[in-house]
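Visitor: As a plain string of letters, each chain reads:
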Amino acid sequence: MDVLGVLNLGEIAQYFSKMAMFPVFDVAYYIVSILYLKYEPGSVEVSRRSPVASWICAMLYCFGSYILADIMLGECPLDYFHNNSHILLATAVWYLVFYCPLNLFYKCVAFLPVKLVLVGMKEVVRTRKIAAGVHHAHHAYHHGWFIMVITGYVKGSGVALMSNFEQLLRGVWRPESNEILNMSFPTKASLYGALLFTLQETHWLPISKSLLICLFTLFMVTSKVTMTARHSHSSPFALVESWVCHVLFGSALASEDSHDHHHCAPAASAAPASPAKTRDELNEGTRKRKAKKAE
Amino acid sequence: MDVLGVLNLGEIAQYFSKMAMFPVFDVAYYIVSILYLKYEPGSVEVSRRSPVASWICAMLYCFGSYILADIMLGECPLDYFHNNSHILLATAVWYLVFYCPLNLFYKCVAFLPVKLVLVGMKEVVRTRKIAAGVHHAHHAYHHGWFIMVITGYVKGSGVALMSNFEQLLRGVWRPESNEILNMSFPTKASLYGALLFTLQETHWLPISKSLLICLFTLFMVTSKVTMTARHSHSSPFALVESWVCHVLFGSALASEDSHDHHHCAPAASAAPASPAKTRDELNEGTRKRKAKKAE
Amino acid sequence: MDVLGVLNLGEIAQYFSKMAMFPVFDVAYYIVSILYLKYEPGSVEVSRRSPVASWICAMLYCFGSYILADIMLGECPLDYFHNNSHILLATAVWYLVFYCPLNLFYKCVAFLPVKLVLVGMKEVVRTRKIAAGVHHAHHAYHHGWFIMVITGYVKGSGVALMSNFEQLLRGVWRPESNEILNMSFPTKASLYGALLFTLQETHWLPISKSLLICLFTLFMVTSKVTMTARHSHSSPFALVESWVCHVLFGSALASEDSHDHHHCAPAASAAPASPAKTRDELNEGTRKRKAKKAE
Chain A
1 MDVLGVLNLG
11 EIAQYFSKMA
21 MFPVFDVAYY
31 IVSILYLKYE
41 PGSVEVSRRS
51 PVASWICAML
61 YCFGSYILAD
71 IMLGECPLDY
81 FHNNSHILLA
91 TAVWYLVFYC
101 PLNLFYKCVA
111 FLPVKLVLVG
121 MKEVVRTRKI
131 AAGVHHAHHA
141 YHHGWFIMVI
151 TGYVKGSGVA
161 LMSNFEQLLR
171 GVWRPESNEI
181 LNMSFPTKAS
191 LYGALLFTLQ
201 ETHWLPISKS
211 LLICLFTLFM
221 VTSKVTMTAR
231 HSHSSPFALV
241 ESWVCHVLFG
251 SALASEDSHD
261 HHHCAPAASA
271 APASPAKTRD
281 ELNEGTRKRK
291 AKKAE
Chain B
1 MDVLGVLNLG
11 EIAQYFSKMA
21 MFPVFDVAYY
31 IVSILYLKYE
41 PGSVEVSRRS
51 PVASWICAML
61 YCFGSYILAD
71 IMLGECPLDY
81 FHNNSHILLA
91 TAVWYLVFYC
101 PLNLFYKCVA
111 FLPVKLVLVG
121 MKEVVRTRKI
131 AAGVHHAHHA
141 YHHGWFIMVI
151 TGYVKGSGVA
161 LMSNFEQLLR
171 GVWRPESNEI
181 LNMSFPTKAS
191 LYGALLFTLQ
201 ETHWLPISKS
211 LLICLFTLFM
221 VTSKVTMTAR
231 HSHSSPFALV
241 ESWVCHVLFG
251 SALASEDSHD
261 HHHCAPAASA
271 APASPAKTRD
281 ELNEGTRKRK
291 AKKAE
Chain C
1 MDVLGVLNLG
11 EIAQYFSKMA
21 MFPVFDVAYY
31 IVSILYLKYE
41 PGSVEVSRRS
51 PVASWICAML
61 YCFGSYILAD
71 IMLGECPLDY
81 FHNNSHILLA
91 TAVWYLVFYC
101 PLNLFYKCVA
111 FLPVKLVLVG
121 MKEVVRTRKI
131 AAGVHHAHHA
141 YHHGWFIMVI
151 TGYVKGSGVA
161 LMSNFEQLLR
171 GVWRPESNEI
181 LNMSFPTKAS
191 LYGALLFTLQ
201 ETHWLPISKS
211 LLICLFTLFM
221 VTSKVTMTAR
231 HSHSSPFALV
241 ESWVCHVLFG
251 SALASEDSHD
261 HHHCAPAASA
271 APASPAKTRD
281 ELNEGTRKRK
291 AKKAE
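Protein chains in written order, with UniProt numbering: chain A, 1 to 295; chain B, 1 to 295; chain C, 1 to 295.
To be clear, the hints were calculated from the coordinates, so they are not data collected in a lab. Cβ coordinates follow ideal geometry from the N, Cα and C atoms, glycine included. Watch out, some of these pointers could steer you wrong.
What the hints assert, rightly or not - With the C-beta cut set under 10 Å, the calculated list includes, among others, these residues of chain A facing chain B:
| # | residue |
| --- | --- |
| 1 | 51 |
| 2 | 56 |
| 3 | 74 |
| 4 | 75 |
| 5 | 168 |
| 6 | 210 |
| 7 | 211 |
Said to hold, decoys possible - Covered stretches of chain A, as calculated for chain C (at least 3 residues, CB under 8 Å):
| # | region |
| --- | --- |
| 8 | 66-73 |
| 9 | 142-153 |
| 10 | 220-227 |
| 11 | 243-250 |
To be verified - In silico SDA-like pairs for lysine to any residue, Cα to Cα no more than 25 Å straight-line:
| # | chain 1 | residue 1 | chain 2 | residue 2 |
| --- | --- | --- | --- | --- |
| 12 | C | 107 | A | 252 |
| 13 | B | 107 | C | 246 |
| 14 | B | 209 | A | 82 |
| 15 | A | 107 | B | 250 |
| 16 | B | 209 | A | 84 |
| 17 | C | 115 | C | 174 |
| 18 | C | 209 | B | 84 |
| 19 | B | 107 | C | 249 |
| 20 | A | 107 | B | 246 |
| 21 | B | 107 | C | 247 |
| 22 | A | 209 | C | 115 |
| 23 | C | 107 | A | 250 |
Assemble the whole structure, with the sequences as input and the hints as a guide.
Guide: Rendered as structure tokens:
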């Protein structure tokens, strides 16, 4: 790669990492998040029975990462809610997804090509959030590496990390599984992303932040769009993880035909097979069918 | 209404909204709250087995609104506990309600005429709390309308919003229902009250705060006393809500003979009927019988 | 006791209460805590399946008291994690306990004589934590007696108070019991210790802090080491408690042959017998056998 190419790449990355997320990308984030909420079994009934509970769940899906990060850093959990425009926008999206006449809005955004674009845009926002979370924690704790990783992780994973309590709000309780025990791809990627951004922030990774944002976004968008398009939930980390976990933690090696690639795939998983398929990973087709039936 | 009448009303409202709540009204609040704790199935056994757990539950019933509001605003959840006199008073009430010889204190305060007065006084305190919560949030977030509503709501509803976790402390776990999914009258009224006080605080409602406090208190006292006297748990909002929810959220219209008027009454409620009757709404007669049996 | 003896005792107490806990005593604390985690049924499988969940649980066992106290006082729950050396040390202990080849490390530290020394050292740290918690709360709330007691209690009990949620992280849910409903010896002792240190801090107990630390440490070490050596879980408070609870709270008197000495031992406990044996109190032999089988 010649000098000019590097310069250009740097400039593009610079431009890309400064690009405003509000409102276009944020709206995409809200749409995809609330779409996943609608896929959850029982959420349509809750939206009919108790709009307040449904609205709170929608807000958790959209702003869970801010709420959790604020809790982790001992700040006001409601802090993000002073951005009235963001909340109103998310509320509008929630209303359209759940109550639009003829279910028109839902049908439009759940249409695969549209959805792929939105899913890609969501990952752009996710990467930014991870970087912002690490930066925020670095500001508060200059040498708190663990705090940086945890904050970045929480900012990237959002509602997934509190899914047990979000489900409880809808009257569902599944204690046998949670997002940390059975990490989905976005949660896992957030963890690795938070590690990378922490290394960058503490100058262990000799790369500019804007370039890292650019590269990580590229990776996330590609992976997530591919996975959504192929209705797949196999993680690109599975092979490496399987080996590392085998060497470091004595986990059994994942057999090739195994279908559920957990973090350190289990040989004799105690949990039943179904809860292993978590929120973001659930086969899209099945979910859509369920959601349609629920209408 | 002539000018003089309005002036007088304003003065009365002014006086009323400045009236000190401690100790008389606060004691009434503690008594009614801990009475409701005693009505909870199993709470008498817990008070025998583990006085510490029972005391913590009693404190949650009395000060849950302060604890929750402090959590929501990122402040010290124990902050209110530096008011030693309030805590000692509530502890005394707890001791008398649960351990008084011959159950004398309980019998006195559960005597209907006495209870009606106490219930009325509790509602006076509740309204004040909502107003204070909205004001507090307004102070911290000048344009955070959502934060104001949520803080006021939480201050008005108190322990009800964390009933799942309060029950867990007593070894009871009922995940299929919660106060947001099946709102009781006081919770719902707190939400509407918080909305009104937020509108007033942001000058959208052209009415003085003291007058609003006065009117809302009047409404709450009347409703709650009537409901307690008639052992009823039908909400005065039911009809309006039913129509609004039908139009806005496509909920089924509540049939006239329906007995459980949820927020947006369900046509085919997934939850079984019994948990729908929440804390404050449970038929008083049944509860008293249960509590007596538990003695 | 002559003047010289008292002077000497005061000096020894002074020296003892100033002694640094890091790293020797802290390591002992981490080892014993993570040992107890390994005794928990299912924790070995979790460590194989999801090292991240296992690591988080280990951190909760080691630093739960700091996290809880920070939450209670409205500070950053992750605050303690900026002590990178402490976290790295605890992580090393966690790795050695769970993944050491041939299970060598576990076998060494679970060897009774070694374990008794470590258990004794853990109690030294616990007492210090209680004193520090009360002092911290006293600094923030000068007259907040209740806040002091609660903070000291939480600092002494640590993860036990959030055991329900720690278990949930491992996919286990046992709502019918919790540490407040069925207090184990260390939790109970932490409560009494927090009371004593609060009395000392507010000058109601005419004794120097260093002497109180010294005496309380002596009591804790003796009790806990004896209980661990004898595989016993009977509390030294049982007799006094039984009488006090009988007089104050009307609890049934514990019969002499009763095996489970709860706080205010129940006559007709609603909870089944097994969950009554809590974390620290479980018969060590049984737990070791279970842990071995799980290997």
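Visitor: For every hint, state whether the structure bears it out.
Guide: Hint by hint, here is what the structure shows:
Annotation: residue 51 (chain A) was flagged as interfacial toward chain B, and the flag holds, the nearest CB pair being 5 Å apart, inside 10 Å. At a threshold of 10 Å, the smallest CB-CB gap from residue 56 (chain A) to chain B is about 7 Å, leaving the interface hint in force. The interface hint given for residue 74 (chain A) holds, since its Cβ lies 7 Å from the closest Cβ of chain B, which is under the 10 Å cut-off. About 5 Å separates the beta-carbon of residue 75 (chain A) from the nearest beta-carbon of chain B, less than 10 Å, and the hint is met.
The interface hint given for residue 168 (chain A) is met, as the beta carbon of that residue sits about 6 Å from the closest beta carbon of chain B, less than 10 Å. For residue 210 (chain A), the suggested interface contact is broken, since its CB lies about 31 Å from the closest CB of chain B, more than 10 Å. For residue 211 (chain A), the shortest C-beta to C-beta distance to chain B is roughly 35 Å, which exceeds 10 Å, and the interface hint is violated. Counting residues of the region 66-73 of chain A whose CB falls under 8 Å from any CB of chain C gives 3; the rule of at least 3 is met.
A count of 7 residues in the region 142-153 of chain A with a Cβ less than 8 Å from any Cβ of chain C is obtained; the coverage claim is therefore met, three being the minimum. Residue count for the region 220-227 of chain A with a Cβ under 8 Å from a Cβ of chain C: 0. That is fewer than the three needed, and the coverage hint is violated. Counting residues of the region 243-250 of chain A whose beta carbon lies closer than 8 Å to any beta carbon of chain C gives 4, which meets the minimum of three for the stated coverage. Note on residue 107 (chain C) and residue 252 (chain A): the hinted pairing holds, with a Cα-Cα distance of about 23 Å set against a maximum of 25 Å.
Simply put, residue 107 (chain B) and residue 246 (chain C) have alpha-carbon atoms about 22 Å apart, close enough for the 25 Å limit, and the pair holds. As the CA atoms of residue 209 (chain B) and residue 82 (chain A) are separated by approximately 23 Å, the hinted pair is consistent with the 25 Å bound. Our distance criterion of 25 Å between C-alpha atoms is met by residue 107 (chain A) and residue 250 (chain B), whose separation comes to about 18 Å. Of the pairs offered as hints, the one joining residue 209 (chain B) and residue 84 (chain A) holds, with about 24 Å between alpha carbons and a cut-off of 25 Å not exceeded.
In summary, the hint linking residue 115 (chain C) to residue 174 (chain C) is not supported, as the alpha carbons are separated by about 28 Å, beyond the 25 Å threshold. Of the pairs offered as hints, the one joining residue 209 (chain C) and residue 84 (chain B) holds, with about 24 Å between alpha carbons and a cut-off of 25 Å not exceeded. Taking the CA atoms of residue 107 (chain B) and residue 249 (chain C), the gap is about 18 Å. The hint holds against a cut of 25 Å. Between residue 107 (chain A) and residue 246 (chain B) the CA atoms are separated by roughly 22 Å; this keeps the pair inside 25 Å, and the hint holds.
For the suggested pair residue 107 (chain B) and residue 247 (chain C), the alpha carbons sit about 21 Å apart, so the restraint of at most 25 Å is met. A hinted pair counts as satisfied when its Cα atoms are at most 25 Å apart, and residue 209 (chain A) with residue 115 (chain C) does not qualify at roughly 48 Å. Distance hint between residue 107 (chain C) and residue 250 (chain A) is fulfilled; the C-alpha atoms sit about 18 Å from each other, no more than 25 Å.
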